[in-house]
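Colleague: The lines below spell out each chain.
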Amino acid sequence: MTGLIAQRVKVPRILGALGIVGGITLFYYRIFTVNNVTVALSYLLAVLAVSTGWGVIEGLVASVASMLCFNFFFIPPIGTFTIADPQNWVALFAFVVTAVIASHLSASARKQAQESSQRQHEMEQLYTLSRNLLLLEVHGPLAQETANLIAKAFDVQGVAFYDRTSDRVHRAGPHDIPVDAAKLRDTALQATVFHDSATRTTVIPISLGGQPIGSLAIQGSQVSDTALHAIGNLTAITLERAHSQDVATRAEAAKQSEELKSTMLDALAHEFKTPLTPIKAAVTSMLTDTDMSPAHQELLRIIDEETDRLNLMLTEAIQMSRIEAGQLQLHRSAQSMSKIVNAQLEKLGESLDDRKITVDVPEKLPRVSVDPEFIGIVIWQLLSNALRYTPPGSPITIRAVAEETELIVSVEDVGPGISEKEQRKIFEKFYRGKDQREIIPGTGMGLTIAREIVRAHHGRIWVESEPGKGARFSFSVPRTQRES
Amino acid sequence: MTSARVLVVDDEPQIRRVMRATLVAKGYMVSTARNGEEALDKVREERFDLVLLDINMPGMGGMETCRIIRSQSDIPIVILSIRNAEKEKVEALDAGADDYVTKPFSMPELLARIRAALRRAPNTSAGTADLLNLGPTEINFAARRVTVAGEEVRLTPKEFDLLRYFASNPDVAIPHTKLLQAVWGPDYGEEVEYLRVFINQLRKKIEPDPSHPAFLLTEPWVGYRLNLPKE
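Sequence order for the protein chains is A and B.
1 is the number of the first residue of the first sequence in this note's numbering; add one for each residue after it.
1001 is the number of the first residue of the second sequence in this note's numbering; add one for each residue after it.
There's no promise every hint is true.
Once the Cα atoms are required to be at most 25 Å apart in a straight line, the calculated BS3-like pairs of lysine-lysine come out as [stated by the list, open to error]:
(1) B:K1205 with A:K339
(2) A:K429 with A:K273
(3) A:K261 with B:K1087
(4) B:K1042 with A:K347
(5) A:K339 with A:K356
(6) A:K364 with B:K1178
(7) B:K1205 with B:K1230
(8) A:K152 with A:K183
(9) A:K273 with B:K1087
(10) B:K1205 with B:K1087
In case anyone wonders, no lab produced these hints; they're calculated from the structure.
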């Protein structure tokens, strides 16, 4: 169809070219007689004008016609096409060369102008596209919107956009583009450009930082390769923006749900403590009655001890939930480790009665900037673990030494020890020693709580143990340069 | 032996029941209130020797109730709370509480704390004058009255006892533990934050410039010292 249009455009021009040549011939042959050089120059001007203005075909027609007319009407023998003089071959050659060169020059100039105006148009389109992509709402159907925007900005017949993350193809534009999902997937993976001139379809891969993230097919456009790649890059950036926002949103949601869980746990633990309070009060009140039979006293003691155990579990659950919700707020001040250790030993009270406890925590140790309440919890955890996991009557040693940059506190027992494999796990939440799980009560949170508290103090916590040879749990807190 | 009147304020009926049963068995006279508003009504109507106050209650909470009771009376207040963070203890003491017990508590411990709160340091101690002048502040130990520049200032019993202990041991550094045991009772000694709060309150009441105390001085790492003005 376009060929026909071109012909229709060309026929009047060719007739026009012939008309001009005819006009010149008529003018010099009938009206105004001049010498042959002037005639030849006039023909040359005509050929130049026609080929510059209309193109090479018209120029050639004009040059052949000029040569024929010049030969027939002006060169002797006049009235024949015989070329007697070799000079006339030169004239014909001049006409043809002029026609070809002039038309070529003007055509390429025209083409350049056309190209540069197309480039400018493309730049405008790209600008519009990038602006619209930037304004896109990232939480909406982004990939589809991107395809729509490309189709709209470049006024193409069809766009197909393949998003590798969701493995979906988004189509846009007035025509359904004849490219299937498999082709788009292949292009994305192989990172090669595919061009089908029959359907005037181009498929380009889209990647970001070397990672294929999709592909884009465009049909029926005069979009240059440069513009196509620019579109590809813009799309990549848009998708990446959406993905990173998505990741951030998900992380925020996960954090919020973690906080909610912690708040729930905290509330629940407090709720459970409420009924524990009258139970504890009642049972301890009854235990003060010395007239009771030993059997009843023993039963009451069991209630009392189990109440304490339940309370401890709830306390640990509350501490854990606080730590996990990131609410561990330290109130640091220069503290004497000896004081903190003694306070915890006092707290453990009667449960230490049958143990030989060696305390080697000199009062002269340098003070450390810690939160005494929380470091107290760490020491309490380590001590009560040693008490729980070692045979009754076995000795426990608590020691503190000042190193150059830190203060190290350790609790050592002569219990069954911990295998190397378990040593790696015991600080994890809810992990309970394999052999102890069923025998010794606990929540599996104690060491996790201790670890988090020590970490918040920028210290370390670790265990050294050999099965059968006891265990030594240690933690460190940094020494302050100069306490204020 | 005791017939002190105790007001138990708690929204949990079971706690009120167990407290009533135990305290009555120990010879106390017990009244109960379910929330802060009811407690304030009862305190206005009757005279109590001690208030046991829960913190977390619907309506007016324990903190606010404590503040209001303290603004009207110097009755000893013991807070009972599930929360055991130091921050909350200090907040309760700042609100005027005399002591803070964490739930769940053992009854013998609570009874000891109740006795400590009811206990008044003996009124006469050798070597203490009845009158003490600290700059513009005049303390009359016999009448339990304090005036600053002629204006009467109300001290709670614990604040007053603390001040009197200082007055009987002037110009020496008194360790935290010793102060706590002398004023609260033999079961105390670790509650350094109590001292911090009470000393601050005393400073606000009797020092001309509480942020730069001239009389109640901190002895770093040791305790506190009463600095008598030199004549």
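Colleague: All hints are to be evaluated individually against the structure, with a verdict given for each.
Modeller: Hints, verified against the model:
1. In summary, the hint linking K1205 of chain B to K339 of chain A is not supported, as the alpha carbons are separated by about 31 Å, beyond the 25 Å threshold.
2. Proximity of K429 of chain A to K273 of chain A is assessed by CA-CA distance (about 22 Å); at most 25 Å being required, the pair is judged to hold.
3. Restraint check: the Cα-Cα separation between K261 of chain A and K1087 of chain B comes to about 23 Å, which is no more than 25 Å; the hinted pair holds.
4. Between the alpha carbons of K1042 of chain B and K347 of chain A the distance comes to roughly 37 Å, so the proposed pair goes past 25 Å and is violated.
5. Pair hint K339 of chain A plus K356 of chain A holds up; C-alpha atoms about 20 Å apart against a cutoff of 25 Å.
6. Of the pairs offered as hints, the one joining K364 of chain A and K1178 of chain B holds, with about 21 Å between alpha carbons and a cut-off of 25 Å not exceeded.
7. Taking the CA atoms of K1205 of chain B and K1230 of chain B, the gap is about 21 Å. The hint holds against a cut of 25 Å.
8. Between the alpha carbons of K152 of chain A and K183 of chain A the distance comes to roughly 23 Å, so the proposed pair stays at or under 25 Å and holds.
9. This hinted pair checks out: K273 of chain A and K1087 of chain B have alpha carbons roughly 20 Å apart, not beyond 25 Å.
10. The hinted pair formed by K1205 of chain B and K1087 of chain B meets the criterion: a straight-line CA distance of about 23 Å does not exceed 25 Å.
Violated hints, in rising order: 1, 4; the structure is consistent with all others.
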